[in-house]
Amino acid sequence: MHIYFGPEGILAAKVQGFEHRASQQRMAEAVAQCLGLEIPLLVEAGTGTGKTWAYLIPAILSGKRVVVSTGTKALQEQIQDHDIPFLKRLLHPQLKAVCLKGRRNYLCRRRFREFAYQPTFWNQDEARLFRQLQTWAVRSPAGDRAEVEWLPDHFQAWNEISCDSDACLGQQCDDFSRCFLTRVRQEAAQAHLVIVNHHLFFADLSLRSRGLGEVLPDHDAVVFDEAHQLEDTVGLYFGFVLSSLRLKDLVSDILRECGRASHGGKGQYQELRKTAESLDPLGRLLHHDLRRMDRPGRFPLDLDALGEDFVKHLHRLFQSLQRLEELVTPHGESPPSFESLARRTSELKKAAENFAKPDDPSFVHWCEVSPKVFFMHGTPVAVDHIVGEELLKRNSALVFTSATLAVAGSFDFFKRGLGLPLHCREELLPSPFDYENQALLYVPSAFPAPQERNFCSALAEQALEILKMTRGRALLLFTSYRNMREVHALLRDRLPFPLLMQGEKPKRALIAQFKKSVDSVLLATSSFWQGIDVPGEALSCLMIDKLPFEVPEDPVIAARMQYVTDQGKSSFFHYQVPRAVIQLKQGVGRLIRCSTDGGLIAIFDVRLRTRGYGSLFFKSLPPFPLTQRLDEVEAFLVGRCCARESHPKLP
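Mapping to the numbering used here: the sequence shown position 75 is 411, numbers consecutive.
It cannot be assumed that every hint is accurate.
[Unchecked claim] Here are the simulated lysine-lysine pairs, PhoX-like style, with alpha carbons at most 20 Å apart: (1) Lys400 x Lys350; (2) Lys686 x Lys751; (3) Lys432 x Lys584; (4) Lys584 x Lys729; (5) Lys400 x Lys708; (6) Lys610 x Lys584; (7) Lys751 x Lys905; (8) Lys686 x Lys729; (9) Lys729 x Lys610; (10) Lys804 x Lys841; (11) Lys708 x Lys409; (12) Lys350 x Lys409; (13) Lys424 x Lys584; (14) Lys400 x Lys424; (15) Lys729 x Lys751; (16) Lys851 x Lys804; (17) Lys851 x Lys841; (18) Lys708 x Lys693.
Derived from the structure by calculation, the hints contain no laboratory data.
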């Protein structure tokens, strides 16, 4: 790899502004060896390493078909739209690379035509947008929703016209040869590189494990970027779900099929219609029973608390689904849609059976309920055996990389969670950024603990002082919506800068406004801890309310903590602390995105100083200089300001 990544290599000669980075070259060499020797590789590559090229170039040169799986569609599209075209021109003009997304990202020609014939819209805005969408649909080369950037995220009609697996007729569809999804999958089957995200990869792995076909082409190796997300993603695709939405969709599709058949005088559909219609009232009864629990958010499925009626309703639902499965099982004269209907019915039947008798200790059963819908989930407590049986046995050339895999320099937590073998090669590569001079970490010495009543008011007061020093230009990350809203209310009328808050606008619009209005202040939580890229002056200060420990009352978290306890370990130190460390590293990583970035990080959690586990967090973070004094914060920020004035290119 030296010939490509070395100080006088091909990239240095042909890429304007290329900087040799020892960590990037070392990672590329490790990836090349992994692809050749087929020994799993774990790489933590600090921000700025250039890890995307460090795995793409060895993958291109390997001659193997490699799947690159990312944590987000944004990174997936960046690789496809920016990195691949450049590397293709530079290294491999004949390179075939395909970006493959989940079904719902593609327009279904058949469903679009049927919907256009008899459309139903939520409002007039959707009807107006649909007319624009019709023009796009005729001209689109790929049918990819990403092509229509003007289409809002909440456009409900897209659910009626996209390639939903539940509505797909496969090869029996009249539009199969023209299908956008079919075409991109055929292209992927001929590609050297296939770019997907984790959700699609493990959806494919789940289908393969159940003998239901595959989505991705056969491949020789897999690179998982943003691999810290894998444990949670695996659990999503190797569990089961029963929801009012899936029941309603199934009933609707069956009744539509019965309606088509009844016009032809087929009386044998009467029992099918009657059985399908029985699902709706059973779904409403389950919804009513679950709502009586009056539990916000996610809560465990407790059959004793829900009572005998709930169990009876589940059994009746199972019986109806069992009979329905018999009626829609395809036979000689069945329409093409019956194959899909039978599969969907079977999945719901198995889920209902599992929830009626939740006696498998390897799954945690839990619910989410709103006034309109309910979801019942069965999630694997541990996924290590799934990864071992379904992933490691099928693939040996595996690369797991992220800026946040290790805890205090150790990969043990990540390896345990996924059940990775001891013989994995490990690389812990530092960032090339000069953290000691580019940033300052402030943790107050005297401050209310996060559980104290005056924590948010104290945070707002200190944030106000700091924001005056930074002239806004700050992102405030919170671990809860309650803290975010309380601090927002305390700052709202006291800042001379634009104050933005998550939820006021779509995420993309908020980030765009935050970047454009350089002195603005953005308050956010949850999804803003990861994947937010705001280089430059607009993000000169990052504040975090407290250490991001997950709520132990969450049923999945609680079950996994109990699993660790049952192994004779401390669930706090062996599960909660490592998870919080990785999340904090993700949050802190939002500040410095390029070599000229810099600024202040403030974490208002005194437990970093007062608790023994605080040292694990400090050991896991980049080597920021640390202060507990606001006058040193001010001196640092004044120094940054002077540097900007002396060097206009600096943010």
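Quick rundown of the hints versus the structure:
1. Lys400 x Lys350: Violated - the C-alpha atoms of Lys350 and Lys400 are around 25 Å apart, more than 20 Å.
2. Lys686 x Lys751: violated, 32 Å
3. Lys432 x Lys584: Status violated; Cα separation ~41 Å.
4. Lys584 x Lys729: The hint is violated at about 38 Å.
5. Lys400 x Lys708: violated, 49 Å
6. Lys610 x Lys584: holds, 14 Å
7. Lys751 x Lys905: holds, 16 Å
8. Lys686 x Lys729: The hint is violated at about 27 Å.
9. Lys729 x Lys610: violated, 46 Å
10. Lys804 x Lys841: Not OK: Lys804 and Lys841 at ~25 Å, beyond 20 Å, violated.
11. Lys708 x Lys409: violated, 29 Å
12. Lys350 x Lys409: Outside the cut-off at roughly 29 Å; violated.
13. Lys424 x Lys584: violated, 47 Å
14. Lys400 x Lys424: holds, 16 Å
15. Lys729 x Lys751: holds, 16 Å
16. Lys851 x Lys804: Given pair Lys851, Lys804 holds - Cα atoms ~19 Å apart, limit 20 Å.
17. Lys851 x Lys841: holds, 14 Å
18. Lys708 x Lys693: violated, 25 Å
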